[in-house]
Amino acid sequence: MDLDLEFAPRDAAAHPPALAPIYRSTLLRAPRQPLLSLRSTLTEITGPIFGESELDPIDADLTRNHARDGDPIGERITLHGRVLDGDARAVPGVLVEIWQANAGGRYRHTNDSFTAAIDPNFGGCGRVITDAEGRYRFRTIRPGPYPFPNRENDWRPAHIHYSVFGQGFSQRLITQSYFEGDPLIARDAILGTMPDVAARQRLVATLDMEASAPFEALAWRFDIVLRGRGASRFESVA
Amino acid sequence: MSKLPETPSQTAGPYVHIGLIPRQAGFDIFENNLGAAMLTPETKGERIRIEGRIFDGADALVRDALVEIWQADAGGRFAHPADRQNGPPPDPHFRGWGRSGTDFATGVWGFDTIKPGRVGPMAPHASLWIVARGINTGLATRVYFADEDAANAEDPVLRMVEPARRFTLIAPRALRGGIPVYSFDIRLQGDGETVFLDV
Ligand SMILES: [Fe+2]
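Line by line, the protein sequences give chains A and B. Read the first sequence against this note's numbering and you will find it ends at 238, with the numbers running on by one and no gaps. Read the second sequence against this note's numbering and you will find it ends at 437, with the numbers running on by one and no gaps.
There is no bait here: all hints are sound.
Partial selection, computed: residues in chain B whose CB lies under 7 Å from chain A:
(1) Lys241
(2) Tyr253
(3) Pro260
(4) Phe265
(5) Trp308
(6) Trp335
(7) Phe434
Straight-line alpha carbon distances no greater than 20 Å define the calculated EDC-like cross-link-like pairs of lysine to aspartate or glutamate that follow:
(8) B:Lys241 <-> A:Asp196
(9) B:Lys282 <-> B:Asp321
(10) B:Lys241 <-> A:Asp4
(11) B:Lys241 <-> A:Glu133
(12) B:Lys241 <-> A:Asp87
(13) B:Lys282 <-> B:Asp329
(14) B:Lys241 <-> A:Asp223
(15) B:Lys241 <-> A:Asp11
(16) B:Lys282 <-> B:Asp350
Hints in this document: simulated from the structure, not taken from any laboratory. Being a predicted model, the structure only gives us computed values, none of them experimental. For glycine and all other residues, C-beta sits at the position ideal for the given N, C-alpha and C.
Produce the complete structure using the sequences and hints provided.
Printed below as a string of structure tokens:
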């Protein structure tokens, strides 16, 4: 195994624990045995590669990619940032996918029964490939908060779900971004699974006036940091 | 040592389908549904199916999960520049990656793929990555093939697993309509808990 290709071990303290009673769904779904830690093999330092030609540019514009007879309801926003690794290097050419509720907090999903209306002009998903500097950019609408069955009266703060591929399958990440200043952030059970307040803060997108389009859309910035490369704790297995 | 702290993982939640497999969420939005089909007629290798279900700690089916697969081609090569192995190049007709939601009714996920080759000292295997509501960080595991006894016995990853739990990573083979089907049920918690990897 070439040392320069290995990924640094995942920093367990940076992530929520598998079992977190504040988030009820973890109770029966969190493994009870410790993960088996091993040094990356070729299987983990490699991962799928996606090309620009597989996507349509409109895929990154959620205000248009499911529009039927008009614009979606809600506050138009630009959501952008960079994908970096732990060594602060850009991660170019990787697929970033997002999904979200509409402005009323309703998902276009056969299993979502929240009473807010479906927006006929909003699908709620988009995707893009990062550029040479690791940058991505979506145009979308700001999602609404929504209730979910957990404790007595739990509401998710407005959030965007992210799926990110890195350069190897062990960098694969699914996360969520929140909006700076939302009072529901401090009450959220999902964010509450993370004891580390600084870690929670890393999931909060910040208002970015410089990237906003006057008289059109505010911008929010969310950078994503994947595992870096580097020294391993383990003896090579393959 | 790393300079920037990692972005924390968050659960994919119950509506992961919207973003990654929108047709299962109930709408058709993209022309190209990434990961839906792994093979073309030109792909080299033995056609197989890998499928299974996911059970929670109360033995209930997990019907809202998403599973991704990543594997080598029939010659044991990955379609990725970090694969610097000698030998014939990777199969240009095989990316080696797919995604499948567990069926909302039956809980079954599955991939129509090809049997991967050996990768260096490792027995043929496929990586799986599982996300769902209630899973805060995606769970990684590996499928090994029950008809590869000799290779499995030498596999450096399987050898790190305590012998009593190795069976959780080895899929038995059966024929269905002439196609080999490898069954790989995943147990998130409790008796027979699947070995999950931190790699
Ligand atoms: Fe959500």
